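Chemist: Produce the entire structure from the sequences given, and follow the hints as far as they go.
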Amino acid sequence: MTAQSASTAPLRDPEPRPLTRAELWKRRTPLLPGLLFVIALTQIPFLFTVYYSLQGRNLLRPDSGEFVGLANYGTVLADPLFRNAVTNTVVLTASTVVLSTVLGIALAMLLDQRFPGRGVVRTLLITPFLVMPAAAALLWKTSMYHPVFGLLNWALSPFGVNVDWVSQFPLLSIIMVLTWQWTPFMMLIVLAGLQSQSPEILEAAKVDGARAWTTFSRITLPHLRQFIELGILLGSIYIVQTFDAIFMITQGGPGQATTNLPYFIYQQAFRAFDVGEAAAAGVIVVVATIIIATFALRVVSNLFEENS
Amino acid sequence: MTTAVAVPTETSRTAGTRARRRQRRRPSRHPDRPRMSVAGILAWGAGLLFFFPVLWMFTTGFKQEAEASTDPPTFLFLPTLDQYRAVLGRDFVPYLLNSLTASVLSTVLAIVLAVPAAYALSLAKIPRWRDSLFFFISTKLLPPVAMILPLYVLATNLGVLDNVTALAMIYTAMNAPLAVWMIRSFLAELPKAVLEAARVDGATWSVEIRSVILPMIAPGIAATALICFIFAWNEFFFAVSLTATQAATVPVFLVGFITGEGLFWARLSAASTMAALPVILAGWSAQRWLVRGLSLGAVK
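Read top to bottom, the protein sequences are chains U and D.
So for the first sequence, this note's numbering puts the first residue at 1; every next one is plus one.
So for the second sequence, this note's numbering puts the first residue at 309; every next one is plus one.
For the record, the hints were derived by calculation from the structure and aren't laboratory data.
What you are looking at is a predicted structure, and each value in this text was computed from that prediction instead of being measured.
The beta-carbon is built from N, C-alpha and C at its ideal position, and this holds for glycine as well.
Keep in mind that the hints are not guaranteed to be accurate.
[As the list claims (entries may be wrong)] So the derived label-pair ranges between C-beta atoms look like this:
hint	chain 1	residue 1	chain 2	residue 2	range
1	U	62	D	506	56 to 64 angstroms
2	D	389	U	172	55 to 63 angstroms
3	D	500	U	291	32 to 40 angstroms
4	U	116	D	596	15 to 23 angstroms
5	U	162	D	386	26 to 34 angstroms
6	U	62	D	500	54 to 62 angstroms
[To be verified] Anything over 10 angstroms on all C-beta distances counts as not near chain D; from chain U, calculated:
hint	residue
7	22
8	60
9	73
10	74
11	80
12	87
13	94
14	95
15	99
16	102
17	160
18	205
19	212
20	213
21	244
22	272
Modeler: The following block contains the structure:
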């Protein structure tokens with residue numbers, strides 16, 4: 001029994017210990033409103049998703065809702081469109097995470113140096129992360145990627161590049177926008193790691209005659225590792241859920257070329273109204289996320305140990 | 309402003325590092341100000357490159373439509389407010405108000421729920437507090453698509469589909485875990501001795517929070533609120549799934565620009581600028597807290 005299940009279900013916890021129990025509940029009181037609210041709006045809906053996934057439920061047939069067991073899971077897993085969405089999600093997430101991590105580390109290293117206007121540059125660099133993703137996606141789709149009037153083709157025209165980005169390279173187009181948005185996130189986390197290095201140790205390494213590269217690979221990189229891991233794992237979890245950019249730029253197309261899992265489920269639910277199959281796909285996504293999340297939590301919890 | 313990180317205390321510093329830190333604080337007046345290096349030039353280049361699309365959006369909003377889509381791009385033009393007038397004339401204001409309602413209401417609620425919870429989880433030290441803390445964070449890992457269908461059905465049954473208050477409730481649940489973690493990290497930093505000294509004998513937790521805790525972590529609360537506001541304002545998935553004409557927020561307004569490509573770039577840019585500006589300003593002013601919020605309080 002974990003604390004949260006005990007605190008949400010007081011009636012199921014009739015153990016005596018009256019003295020401490022009253023005191024414990026008094027101490028728990030401040031926690032309860034927040035905890036119950038979050039459970040009500042996240043956990044209970046998820047349990048309903050599991051329930052729907054076992055039904056042949058379709059919003060267009062109000063009388064539907066018959067129990068079909070695991071049939072929806074079978075249908076979804078055999079659906080080539082679902083498999084395509086899984087592949088797209090993996091490609092999209094992995095590429096974006098790798099690109100934004102590499103760029104983020106490089107930019108953080110630059111920003112860790114002293115130069116005039118460092119604060120301004122930092123402010124400029126974090127801005128892509130702040131721009132409303134839906135607006136950013138439309139902006140890229142029109143002003144940047146347009147085959148005739150787009151800035152990208154204009155900037156690359158000296159190199160003979162003239163392509164219809166969204167039609168010819170749909171997945172790459174999405175990856176570029178996401179990388180632009182997520183690089184600042186990675187940069188901020190890595191920069192915080194760089195700046196939390198003990199100046200004494202770096203000074204000592206210098207005094208002992210360590211070369212810059214040795215200092216970097218032996219001291220800085222091991223110190224940064226946990227920050228990079230944290231950035232990668234949090235970034236993956238958010239990027240797997242990408243929806244705005246796909247909705248705005250490609251609508252999952254052309255064909256199904258950029259349909260990722262969130263967009264697939266959205267289409268299944270709100271275009272095909274097939275709630276049963278959409279729910280089953282949702283549950284599969286959660287199971288996959290839990291696997292990633294287990295690693296994520298381990299990393300977060302390591303950092304958390306150090307800080308407390 | 310760049311050092312939002314835990315640095316060793318002043319006493320443990322060597323004279324050399326202290327001197328360097330002083331230089332860094334006011335580089336312009338100091339004779340030994342940092343010189344432009346290769347790294348500086350590269351960083352400036354990267355910063356301008358990353359910022360350029362945002363700048364382009366901002367400037368395009370002041371163009372005429374004919375200047376917005378040209379080949380080669382138009383860099384010099386006579387600024388006009390026509391597009392802003394057009395967007396505001398297209399009933400943009402209700403969307404703005406919905407966004408404002410959903411973001412502010414959910415931010416306030418998230419803070420109201422999170423402060424006592426964070427208090428219980430860090431200062432009151434209830435048993436199994438760690439489980440509860442990790443429960444909160446695990447909800448952030450649950451993809452919205454896994455909850456949207458029941459929320460949609462529930463909202464339909466309760467008659468609150470396309471209702472901005474209902475949307476705000478969902479944003480509250482989305483942001484409360486983040487707020488709990490962030491506020492907890494601020495509470496964990498309070499010196500125990502000060503807390504003990506300020507503690508009023510026999511005061512209830514609500515009095516203690518209001519009279520002792522809140523004044524001490526006010527900047528942390530403000531930072532947390534800004535982060536919550538940013539996430540709520542930018543949220544698109546729930547907004548587009550659960551709202552229609554009455555409660556639609558600013559990102560949903562932008563959906564109207566998906567079709568009719570190439571026709572209304574300047575107007576789109578004006579609308580996008582208005583949509584993005586509140587969060588850009590909030591994020592700039594909260595940038596020393598941004599990394600802490602994004603890493604759930606783990607990185608300072």
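Chemist: Hint by hint, say whether it matches the structure.
Modeler: Each hint, compared with the structure:
no. : hint                              : in the structure
1   : U:62 x D:506: 56 to 64 angstroms  : holds (59 angstroms)
2   : D:389 x U:172: 55 to 63 angstroms : violated (37 angstroms)
3   : D:500 x U:291: 32 to 40 angstroms : holds (39 angstroms)
4   : U:116 x D:596: 15 to 23 angstroms : holds (20 angstroms)
5   : U:162 x D:386: 26 to 34 angstroms : holds (30 angstroms)
6   : U:62 x D:500: 54 to 62 angstroms  : holds (60 angstroms)
7   : 22                                : holds (13 angstroms)
8   : 60                                : holds (14 angstroms)
9   : 73                                : holds (14 angstroms)
10  : 74                                : holds (19 angstroms)
11  : 80                                : holds (20 angstroms)
12  : 87                                : holds (17 angstroms)
13  : 94                                : holds (17 angstroms)
14  : 95                                : holds (18 angstroms)
15  : 99                                : holds (13 angstroms)
16  : 102                               : holds (13 angstroms)
17  : 160                               : holds (16 angstroms)
18  : 205                               : holds (14 angstroms)
19  : 212                               : holds (12 angstroms)
20  : 213                               : holds (15 angstroms)
21  : 244                               : violated (5 angstroms)
22  : 272                               : holds (12 angstroms)
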